[in-house]
Amino acid sequence: MQRLTNKILKPIVGGAAVLPMMALLAMLIVLLVEAIPAVRYNGWGFFTKETWSIGSLYGGVVNSGGVPHLAGASYGALSIILGTLEMSAIAVIVGIPIAIGAAIVIVELLPSKMSNAISLIIEVLAGVPSVVVGLFGLLTFGPWLARNVYPLLSHMPNVPVLNIFRGSVGHGEGLLSAGLVLSLMIIPIVTSTTRELLRQVPTSTKEGALALGMTSSESFFAVQAPWIRTGVIGASVLGLGRALGETIAVALVSGSVLNLAGNIYGTTGSIASTIVTQLDSAEGDPSGLAVSSLAEAALVLFIITLLVNVIARFIVTRSAHSTTLPVGAGF
Amino acid sequence: MLSPPYAFAQSNSYKARGLDGPTKTRVSLMRRWRGRGWWTLCVMALILLVAPVLVILVNVVSKAVAHWNFNVLWTTSAGNGHGLANAIVGTLVLMLGVGIIAGLVGVGAGVYIAEFARPSLSRTLLRGASEVLSGVPSIVFGYVGYLALVVGLHWGYSLLPALLVVSFLVVPYIAKATELSLGQVPLSYREGATALGMTKSQALKKITLKAALPGISTGVIFALAISAGETAPLLYTAGWTGAYPSLTFVHQPIGYLTYATWTFYDEPSSSIQQLANDAALLIVLLVLLLILLSRFVSWWSARHSPERAN
Numbered sequence: 001m002q003r004l005t006n007k008i009l010k011p012i013v014g015g016a017a018v019l020p021m022m023a024l025l026a027m028l029i030v031l032l033v034e035a036i037p038a039v040r041y042n043g044w045g046f047f048t049k050e051t052w053s054i055g056s057l058y059g060g061v062v063n064s065g066g067v068p069h070l071a072g073a074s075y076g077a078l079s080i081i082l083g084t085l086e087m088s089a090i091a092v093i094v095g096i097p098i099a100i101g102a103a104i105v106i107v108e109l110l111p112s113k114m115s116n117a118i119s120l121i122i123e124v125l126a127g128v129p130s131v132v133v134g135l136f137g138l139l140t141f142g143p144w145l146a147r148n149v150y151p152l153l154s155h156m157p158n159v160p161v162l163n164i165f166r167g168s169v170g171h172g173e174g175l176l177s178a179g180l181v182l183s184l185m186i187i188p189i190v191t192s193t194t195r196e197l198l199r200q201v202p203t204s205t206k207e208g209a210l211a212l213g214m215t216s217s218e219s220f221f222a223v224q225a226p227w228i229r230t231g232v233i234g235a236s237v238l239g240l241g242r243a244l245g246e247t248i249a250v251a252l253v254s255g256s257v258l259n260l261a262g263n264i265y266g267t268t269g270s271i272a273s274t275i276v277t278q279l280d281s282a283e284g285d286p287s288g289l290a291v292s293s294l295a296e297a298a299l300v301l302f303i304i305t306l307l308v309n310v311i312a313r314f315i316v317t318r319s320a321h322s323t324t325l326p327v328g329a330g331f
Numbered sequence: 001m002l003s004p005p006y007a008f009a010q011s012n013s014y015k016a017r018g019l020d021g022p023t024k025t026r027v028s029l030m031r032r033w034r035g036r037g038w039w040t041l042c043v044m045a046l047i048l049l050v051a052p053v054l055v056i057l058v059n060v061v062s063k064a065v066a067h068w069n070f071n072v073l074w075t076t077s078a079g080n081g082h083g084l085a086n087a088i089v090g091t092l093v094l095m096l097g098v099g100i101i102a103g104l105v106g107v108g109a110g111v112y113i114a115e116f117a118r119p120s121l122s123r124t125l126l127r128g129a130s131e132v133l134s135g136v137p138s139i140v141f142g143y144v145g146y147l148a149l150v151v152g153l154h155w156g157y158s159l160l161p162a163l164l165v166v167s168f169l170v171v172p173y174i175a176k177a178t179e180l181s182l183g184q185v186p187l188s189y190r191e192g193a194t195a196l197g198m199t200k201s202q203a204l205k206k207i208t209l210k211a212a213l214p215g216i217s218t219g220v221i222f223a224l225a226i227s228a229g230e231t232a233p234l235l236y237t238a239g240w241t242g243a244y245p246s247l248t249f250v251h252q253p254i255g256y257l258t259y260a261t262w263t264f265y266d267e268p269s270s271s272i273q274q275l276a277n278d279a280a281l282l283i284v285l286l287v288l289l290l291i292l293l294s295r296f297v298s299w300w301s302a303r304h305s306p307e308r309a310n
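Protein sequence lines correspond, in order, to chains A and Y. For the first sequence, our numbering assigns the number 1 to the initial residue and increments by one for each residue that follows. For the second sequence, our numbering assigns the number 1 to the initial residue and increments by one for each residue that follows.
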């Protein structure tokens, strides 16, 4: 009997262990198969055209090149791909410094009781559902920014880099608001990783730096910063992956339209938000090409996030301080 | 009484020499201000992290409490009933199902990766696949579930596709927690088990899994918190209904709380808009409860661990 359980247990848990790999493969295959008609119809135009339209529902189904589609259908994903990249870039530029700075204070300055409380707050931030953050961004945070912050930003001097803030500020739904909300959502993963990395820095090395007469900030740059650098880069790339794929909050705050933002305050959309907001109308397309094109968009998003995650894991494993860096641990 | 340098060290009075402290005198003004600037920036970053969380929580609570009505808890949203009872039950049913499916698969995967996977290449591959899966956007899970299960297998919007999609979404977290906590089981436990002549599965059942249980439960609780708060993978797999879940696995849509927040805020009727705020409060409370529960589990297990007794 005991020998039997021994023999059975290993294949059972082994089966469970290969399921994630199977799931990845299955998702890839499903998306590839479903996207075939869209790939044949859209060609490279998917990456070069900006117009996303299922065509005229009253024109009937036409056949071109063996692919049935509605008259006038055009699926160009350039604007939503760029929209995704733009808002993720904002999220990373704003979120990563905040996340790292906060982690440094938690480890280096605060007494352990307070840093425990702050860690709880970070866990709560990681746990607040994206739809709640999104609704907060849409109804409260965005309008507040549009009234109080964006008007100030729009008076930036007309010099390169700063002039992207000039222009009409809108009502709070748009690219910058979505990027800021996204930055909130990637902060927990980077903060908790940085915190765990900082806690691993050997005390004797830090004491050595202080004994050499360094101030605490100089010691940070000489000792802690090199120690945590690779791990923090890895965690930041993970955060980027999270920002690229975030759906519901972006759908609520970005305005989820199918064009590029006119300026940094303008409404736009991401791949993920487009899938969730366009599927209803895509189901009404009798040719099925709209659903297929959304599958192609999902495939593009899947491949981008897959690459980003593999790169992040690669960076993390290459940082050779220990074999099990706590990147993503606790999440 | 004592010779001067020794007296100085004992009295520790830098002020006696007109100094602020042991190191500060050697630090130039510029270095001092650079340090102060750096720490100010860091503290500002912490404030920018903490303030939004508190504002969000206060916002969610105040919006819901302003028009709170307890009828929400036991009226369904079918017909003119302005309640969320069906969505609450639906979310709980989903969490229960995900807890069972993802719990079994995730713990199994974690056990295999930590205990059986040899050589290390297969371990790296399995662990890597699981970690990469955790980075796949939830909408991709949802869309694949819609294409393959809802449409492909003709299951329609229903409980089973929703359960499968969310389970796979959270399996990596449970597998990771299981693997990590099995890795932290002290070597002496395993040696003791081997010395008693236990096989690997006996040792797992009687010793290692028990020792790893608190860590595994924290992982499962975290997975439940995620599944309670997800929206994107459910929209096109679970569908929505105003009636209570009927416990049929396919062809029957099921309501859940995040849907109410996602859709109702935009409705013309203000009483239905209010349901969106109520649902947001209920999910946040649920998630907070789960976070506190996981904290309690780790606190309790740290308190009762055998290492502490020694």
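Where hints are given, some of them may not hold.
25 Å max Cα-Cα, derived BS3-like pairs, lysine-lysine [unchecked claim]:
id: 1; chain 1: Y; residue 1: Lys200; chain 2: Y; residue 2: Lys210
id: 2; chain 1: Y; residue 1: Lys206; chain 2: A; residue 2: Lys7
id: 3; chain 1: A; residue 1: Lys206; chain 2: Y; residue 2: Lys206
id: 4; chain 1: Y; residue 1: Lys210; chain 2: A; residue 2: Lys206
id: 5; chain 1: Y; residue 1: Lys210; chain 2: A; residue 2: Lys7
id: 6; chain 1: Y; residue 1: Lys205; chain 2: A; residue 2: Lys10
Because the hints were derived from the structure by calculation, they are not lab data.
Outcome of the hint check:
{"no.": "1", "hint": "Lys200(Y) with Lys210(Y)", "result": "holds, 14 Å"}
{"no.": "2", "hint": "Lys206(Y) with Lys7(A)", "result": "holds, 17 Å"}
{"no.": "3", "hint": "Lys206(A) with Lys206(Y)", "result": "violated, 43 Å"}
{"no.": "4", "hint": "Lys210(Y) with Lys206(A)", "result": "violated, 38 Å"}
{"no.": "5", "hint": "Lys210(Y) with Lys7(A)", "result": "holds, 21 Å"}
{"no.": "6", "hint": "Lys205(Y) with Lys10(A)", "result": "holds, 13 Å"}
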